[in-house]
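Chemist: Next come the chains, spelled out residue by residue.
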Amino acid sequence: MRGFVFLYTWFFRATPTLLQLLFVWDALPQIWHGFTESWFTPFLAASIALSLNEAAYMAEIIRSGLLSVDPGQELAGRALGMSRRRILQRVIIPQAVRIVIPPMGNEFITLLKLTSLATVISVTELLTASQNFYSTNFSYEEAFAAAALYYLFIVSILMFFQSRLEKRYTFTSARRRVRNAPAVPVALSHDAR
Amino acid sequence: MSELRGHDLVKYYGDLEVLRGVTFEVAPGEVKVIVGPSGSGKSTLLRVLAGLESPDRGTVTLEGRAAGPGEVGMVFQRFNLFSNMNALDNVMCGLVEVRRLPKTDAREQALAFLDRVGLADHHSKFPDELSGGQQQRVAIARALVMKPKAMLFDEPTSALDIELVREVLDVMEALARDGMTMVVVTHEMRFAHHVASSVLMMDEGRIVEEAPPDRFFSSPKEERTQRFLALVE
Chain S
1 MRGFVFLYTW FFRATPTLLQ LLFVWDALPQ IWHGFTESWF TPFLAASIAL SLNEAAYMAE
61 IIRSGLLSVD PGQELAGRAL GMSRRRILQR VIIPQAVRIV IPPMGNEFIT LLKLTSLATV
121 ISVTELLTAS QNFYSTNFSY EEAFAAAALY YLFIVSILMF FQSRLEKRYT FTSARRRVRN
181 APAVPVALSH DAR
Chain W
1 MSELRGHDLV KYYGDLEVLR GVTFEVAPGE VKVIVGPSGS GKSTLLRVLA GLESPDRGTV
61 TLEGRAAGPG EVGMVFQRFN LFSNMNALDN VMCGLVEVRR LPKTDAREQA LAFLDRVGLA
121 DHHSKFPDEL SGGQQQRVAI ARALVMKPKA MLFDEPTSAL DIELVREVLD VMEALARDGM
181 TMVVVTHEMR FAHHVASSVL MMDEGRIVEE APPDRFFSSP KEERTQRFLA LVE
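From first to last, the protein sequence lines stand for chains S and W.
According to my numbering, the residues represented by the first sequence are 1 to 193, in order.
According to my numbering, the residues represented by the second sequence are 1 to 233, in order.
A few of these clues could be false.
As the list claims (entries may be wrong) - Calculated lysine-lysine pairs in the DSBU-like style (CA-CA distance at most 35 angstroms, straight line):
no.	chain 1	residue 1	chain 2	residue 2
1	W	103	W	149
2	W	125	W	149
3	W	149	S	167
4	W	125	W	221
5	S	167	W	103
6	W	125	W	103
Hints are computed from structural coordinates only; laboratory data are not their basis.
Computed from a predicted structure; not experimentally measured.
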């Protein structure tokens, strides 16, 4: 298992995403003819390639998250007589989740923008759609502005959920009070000079 | 009959022999304090007694049998409170996850033990929001709530600011007065003097000397103990 995971993350992080997309769409059907049938759409091929690629990066993020939990936490769990599984469920994973949220947020944003590569296997993704628009009426600014707005909108939604998650995995008793607290502490809010 | 006993314990870390045939026992209600230089095997002995490490040779028994989960409590130098849980959940955790108690019962018992270490008011605080001394007291409550037959303390005050040491030692002294069987690795010589039934000197993986505190501190027999005490005091 360890060897497989190493080879997997090595391969998918070391080769360009573009190559992986082209490989899944162009080379897979030659290797296995089942992929030549109509159900194998460019969209499905892009989904498979980007998922395989993203999984490699996610695996690294999760691994580093788990590793960065203080080993003393596991020791304390074992001293109480908790099983390995319980320690993982109740102690290690919740703490690793907190560590992993920001880099995972980054990954999702990167993934969103990588979808523009899928144009090479004729998926009409967001950027291609905007190109199709200006190729008929030559209004470049509008097309690009619209595409940018869509990207901004989707990323904003991702960021919103990320910050919700981060709040949920902040381990302080004040995490619910924080929202109502004044942005500037009262003592500092007026300048005495 | 001895309560907690380690017989002829040998432990290697790689090629390094950390314990070289240690035989150790503590009777019910006794408090044994272990002192010695760093690297002498004190912490390893505690970890083996707690069942956190298995010895390469020798056996550990509690009342003549293998200890069950939570029967030997352990308190760590760096507290090791679960940082994703508040004080109450830390103390409840063993009761719920190991003893399988219903949450309402576990909560009630946990609050009682937090009260015992003087922290009932702080039950909803997370480890980050507690001082080192408070964290260590919660850690003691977390171990005590399992109703252990013996409690092991691995340098429980070494990571604390000096003004916070007292509150932890007070809790430990009260525990000793209540008749808890305790093994304490510490550099707090006054605690050893006042509370210990006997004091052990460890060096290079062996117990060099064991004596009641009066004799241990006033007229140690071994040259190694004399040298160590001269440095600490």
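Chemist: Against the earlier hints, flag every one the structure doesn't satisfy and list their numbers going up.
Modeler: Those not satisfied are hints 3 and 4.
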